[in-house]
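Once you've looked at the hints, dock chain S against the given chain Y.
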Amino acid sequence: MPVLSIAVGSDPAPINDNWVRLADGAAPNATDRVIVPFARLKGGDNQIFGAAAVGVELGGADQVEDLKPWLDRLSIVVLRFATFKDGRLFTSARMLRQRLGFKGDVRAAGDFLPDQTAFLLRTGVSSLEVSDTFPVDAAASSARAYSVRYQHAVDGLPAAYDERHAP
Amino acid sequence: MYIYDKFDQTIVRERVAEFRGQVQRRLAGELSEDQFRPLRLMNGLYLQLHAYMLRVAIPYGTMSSAQLKKLAYIAQTYDRGYGHFTTRQNIQYNWIKLEQVPDLLNDLAEVQLHGIQTSGNCIRNVTADQFSGVAGDEIEDPRIVSEAVRQWSTFHPEFSFLPRKFKIAVNGAARDRAAIQFHDIGIQVVRGPEGDVGYAIYAGGGMGRTPVVAPLIRAFLPKAELLSYLEAILRVYNRHGRRDNIYKARIKILVREIGAEEFTRQVEAEWALLRNEGVNLPEAEMSRIQKFFAPPPYEKIAAPVVAFEQARASNPAFARWVETNVHTHKVPGYGVVTISLKPVGGIPGDATAEQMSQIADLAEKYSFAEVRVTHVQNLVLPNVKQADLFAVWQQLGKIGFADANLGLIGDIIACPGLDYCALANARSIPVAQQISERFRTPERMKEIGPLQIKISGCINACGHHHAGHIGILGVERAGEELYQITLGGAGDETASIGELLGPGFKGDQVVDAVEKIVNTYIELRQPGEEFLAAYRRVGKAPFKERLYASA
Numbered sequence: 002m003p004v005l006s007i008a009v010g011s012d013p014a015p016i017n018d019n020w021v022r023l024a025d026g027a028a029p030n031a032t033d034r035v036i037v038p039f040a041r042l043k044g045g046d047n048q049i050f051g052a053a054a055v056g057v058e059l060g061g062a063d064q065v066e067d068l069k070p071w072l073d074r075l076s077i078v079v080l081r082f083a084t085f086k087d088g089r090l091f092t093s094a095r096m097l098r099q100r101l102g103f104k105g106d107v108r109a110a111g112d113f114l115p116d117q118t119a120f121l122l123r124t125g126v127s128s129l130e131v132s133d134t135f136p137v138d139a140a141a142s143s144a145r146a147y148s149v150r151y152q153h154a155v156d157g158l159p160a161a162y163d164e165r166h167a168p
Numbered sequence: 067m068y069i070y071d072k073f074d075q076t077i078v079r080e081r082v083a084e085f086r087g088q089v090q091r092r093l094a095g096e097l098s099e100d101q102f103r104p105l106r107l108m109n110g111l112y113l114q115l116h117a118y119m120l121r122v123a124i125p126y127g128t129m130s131s132a133q134l135k136k137l138a139y140i141a142q143t144y145d146r147g148y149g150h151f152t153t154r155q156n157i158q159y160n161w162i163k164l165e166q167v168p169d170l171l172n173d174l175a176e177v178q179l180h181g182i183q184t185s186g187n188c189i190r191n192v193t194a195d196q197f198s199g200v201a202g203d204e205i206e207d208p209r210i211v212s213e214a215v216r217q218w219s220t221f222h223p224e225f226s227f228l229p230r231k232f233k234i235a236v237n238g239a240a241r242d243r244a245a246i247q248f249h250d251i252g253i254q255v256v257r258g259p260e261g262d263v264g265y266a267i268y269a270g271g272g273m274g275r276t277p278v279v280a281p282l283i284r285a286f287l288p289k290a291e292l293l294s295y296l297e298a299i300l301r302v303y304n305r306h307g308r309r310d311n312i313y314k315a316r317i318k319i320l321v322r323e324i325g326a327e328e329f330t331r332q333v334e335a336e337w338a339l340l341r342n343e344g345v346n347l348p349e350a351e352m353s354r355i356q357k358f359f360a361p362p363p364y365e366k367i368a369a370p371v372v373a374f375e376q377a378r379a380s381n382p383a384f385a386r387w388v389e390t391n392v393h394t395h396k397v398p399g400y401g402v403v404t405i406s407l408k409p410v411g412g413i414p415g416d417a418t419a420e421q422m423s424q425i426a427d428l429a430e431k432y433s434f435a436e437v438r439v440t441h442v443q444n445l446v447l448p449n450v451k452q453a454d455l456f457a458v459w460q461q462l463g464k465i466g467f468a469d470a471n472l473g474l475i476g477d478i479i480a481c482p483g484l485d486y487c488a489l490a491n492a493r494s495i496p497v498a499q500q501i502s503e504r505f506r507t508p509e510r511m512k513e514i515g516p517l518q519i520k521i522s523g524c525i526n527a528c529g530h531h532h533a534g535h536i537g538i539l540g541v542e543r544a545g546e547e548l549y550q551i552t553l554g555g556a557g558d559e560t561a562s563i564g565e566l567l568g569p570g571f572k573g574d575q576v577v578d579a580v581e582k583i584v585n586t587y588i589e590l591r592q593p594g595e596e597f598l599a600a601y602r603r604v605g606k607a608p609f610k611e612r613l614y615a616s617a
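Line order of the protein sequences matches chains Y and S.
Just so we're on the same page, my numbering is the position in the first sequence counted from 1, plus 1.
Just so we're on the same page, my numbering is the position in the second sequence counted from 1, plus 66.
Since the hints were derived computationally from the structure, they do not count as laboratory data.
Below, computed lysine to any residue pairings styled on SDA-like, alpha-carbon distance capped at 20 Å: (1) Lys-72/S - Glu-164/Y; (2) Lys-512/S - Glu-389/S; (3) Lys-86/Y - Lys-314/S; (4) Lys-72/S - Ala-146/Y.
Chain Y extracted, bound-state conformation (with noise of 0.2 Å):
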């Protein structure tokens, strides 16, 4: 599936970071770039690590303090939309970049709407995996829209109030 990489400032690009999605029980090539299921992490199967790079996808329900043991390790965390209206991958995103201190890809994927690219954006998502139809438009429309913003977030941003008392 086509890659976008997002980022404050530019428009969504397209990125071909080859990333493959290991299957069950298998073990990856030494080459590889592998993203596992979390399942695979928490039952302790430590030869994925012997891919070139590693990472994981999370769903909603998945609790981000719970990748805590493997983090260093990972390249890239993905957070899947079972729906866009799970507005828990928005919390899980924030987390892993504040809470911590992920520095890797992070990267949605599932059914968010690219109208929604903005808030992922300022919670630290740095990617998306879309479909071929995607409206790429239509996300890059979502990036800019807000030229000024009231919370602080991981885009790390100034908000209004951080400009209206700006010595």
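Just chain S now, kept in the frame of chain Y:
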């Protein structure tokens, strides 16, 4: 009141532009109704029985006369010449055309109004005591913290896709006029042990099909820490609130399922970390907001105001209106006027463009150009000199809004019901109209005394029936509208949920049933005892007996 600076204005302008783009995609066929639905619902646009309905936020119920004039203009230009003030201190327009919504929002933005977060599973318009800043029993104007919460909650990156809608209310006075214990979060301004101002926090209240009076989860929160504490509550709810069943998704169900104690423990644990993560509002911003709510330049007025006292003495109708609809102002020589939008036989909360415009003029001339909306669906002129009350009353009479029924049986809350709403099971408005007709005379209303009737057309309880002294709930049984009656609800600081009396009544029997309840109360009350107090003393038995005796 709060006035936008360039930052606030930019956000609202950018929201209009974003929504214009979304509407264009819909009209161009790029979005199906299913895809467009979540987008329009984030901006207060519903598809109702007959047309689109747009809900416009009036933050914590305070607006300027210029804003009210614009609301009148919107009613005239984009609707059928009227609007409906709601129990969330908002206004709804019921006959809106989709293709006109972007221009409508653009017009609203000119006066710093919008439809942001008036629907959807997000933090909704914050509500507050309609007597903020003018009531004598206030610790601090609740609109200061309301405005801070409004800004914090607008497009919150983490909390815009909650399990369900989320409502916050703030009260700053000893009397609770904001029904805070029926909200997802209720904030009560209090004084701490050292006399410093802070907040008591209630969480997990609500109405709907599972009415709950919110438990107190923190007795005192220092002022500076409010936003991090709210964020902790929202985070616990966002992560752990139920998403498998829309009817169990409100925070009240989470609090009930894990218990208030465990919920509080989780919030406190989250807060211990969050409070150091840059969420709290800087002191400088809080004082900036506070300055907007400084008292207007009141005159020093010597009591008694002779002309006012004379008018009262010589005109019984005026005297009655002053007694019911004018609340004591904290400044001598002024009064707080509540304009009843409940004329006999009228639709509760409805106002025409002409009426809105006239009220805006009155506010400009007599009340420092400020108007409030109450959660009881009335409007307030908060700062009227006693010397001007007679003129205001006369003007209100000309537009049909001089009814002296505030807090009395004619002052009914009713949701739009089956006349407009796609969710309703039964009509609410005709029931309200019939009741107000039956008890139309001032003498009869006065005889009955304070009595709040609240009517909902379905179990979602938008008409607050659970909190009505007499609550009426419309349901549908075998294709017929049926009305259940509850007694003893209250939305004030003694919050309680009404108890169901028995089997429901057909539409044409409801008014008779209400009259039987009223007559029973009058017979059994002790001298000076109001309806709610009497009900709490005797319970439902005598009412039930009377109501179902002949059946």
